[in-house]
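Residues in the sequence shown are numbered consecutively from 5, following this note's numbering.
Think of the hints as simulated: they come from the structure by calculation, not from any bench. Heads up, a few of these hints could be off.
[What the hints assert, rightly or not] Pairwise CB distance ranges, derived in the manner of DEER restraints: (1) Gln41 / Gly79: 47 to 53 Å; (2) Ala44 / Lys86: 34 to 40 Å; (3) Ser48 / Arg10: 19 to 25 Å; (4) Pro81 / Asp124: 31 to 37 Å.
For clarity, every value in this text was computed on a predicted model and none was experimentally measured. Ideal placement from N, C-alpha and C gives every residue a C-beta, glycine not left out.
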Amino acid sequence: TCLSARLYHESTHIFHKGSSLEDAEDALDIKVPGFNQMDAPLRSKLSGVEYLSNPGEMMAHAAEYAYYYSIHHPGMPFNIEKMRETIPLMDKKTQNSATSYYSAMSNPEKQDEYAKYGFDLAKTHQEMIKLTGQYVHLFSGT
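Kindly generate the complete structure, drawing on both the sequences and the hints.
So this is what it looks like as C-alpha cells:
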C-alpha cells in the first residue's frame, strides 16, 4: 500500500511540478524579510509550510492520501473525519504531512501564527480537502 501510494504521489509530479524544502527556503528568503536571520527551528517550520503550500505538492499529496482513503474506505465519498481516521494507517512520513494538512492547518492558533509570515493555512486546508475529494472520486467513482 505504501509503495502504491508513493507511486501516485510521484506520478502526479509528471504533470504538476512539485517543490523541495530547499526550493521552499529559497522562496522564503525572498518573500519573508529576515528569513535567514531567524532561528533554525522557525526556518524549518516555515520551509515545511511553504513546501506543503506548493500547488504541485498539494496535488501529489492529495492523490497519495486519496489512495489510502480509497483502500480503507472503499466506495465511500470523501469525508474529512474519515480521512483523519485513516492517517494512523499511513506510513510515518505520510502521516506527518497528512496531519499538517488535515489537522494542524485547520487550527485557528496555527493559522494566526503563520499568517504573520504570509501563509493562509485555512485556504491551504480547504484546498487540500477539495483536491483529495476529487481524487477519491476518481479512484472510487463516488
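Q: Please test the hint of 31 to 37 Å on the beta carbon pair from Pro81 and Asp124.
A: 26 Å, violated
**Q.** CB-CB spacing for Lys86 and Ala44 relative to the 34 to 40 Å hint
**A.** For Lys86 against Ala44, whose Cβ atoms are near 37 Å apart, the range 34 to 40 Å holds.
Q: Please test the hint of 47 to 53 Å on the beta carbon pair from Gln41 and Gly79.
A: Hint holds: Cβ distance 52 Å, inside 47 to 53 Å.
Q) Is it true that Ser48 and Arg10 lie within 19 to 25 Å of each other by Cβ? A) Between Ser48 and Arg10, where Cβ atoms are some 23 Å apart, the hint holds.
The structure fails to meet hint 4 from the earlier list, while all remaining hints are met.
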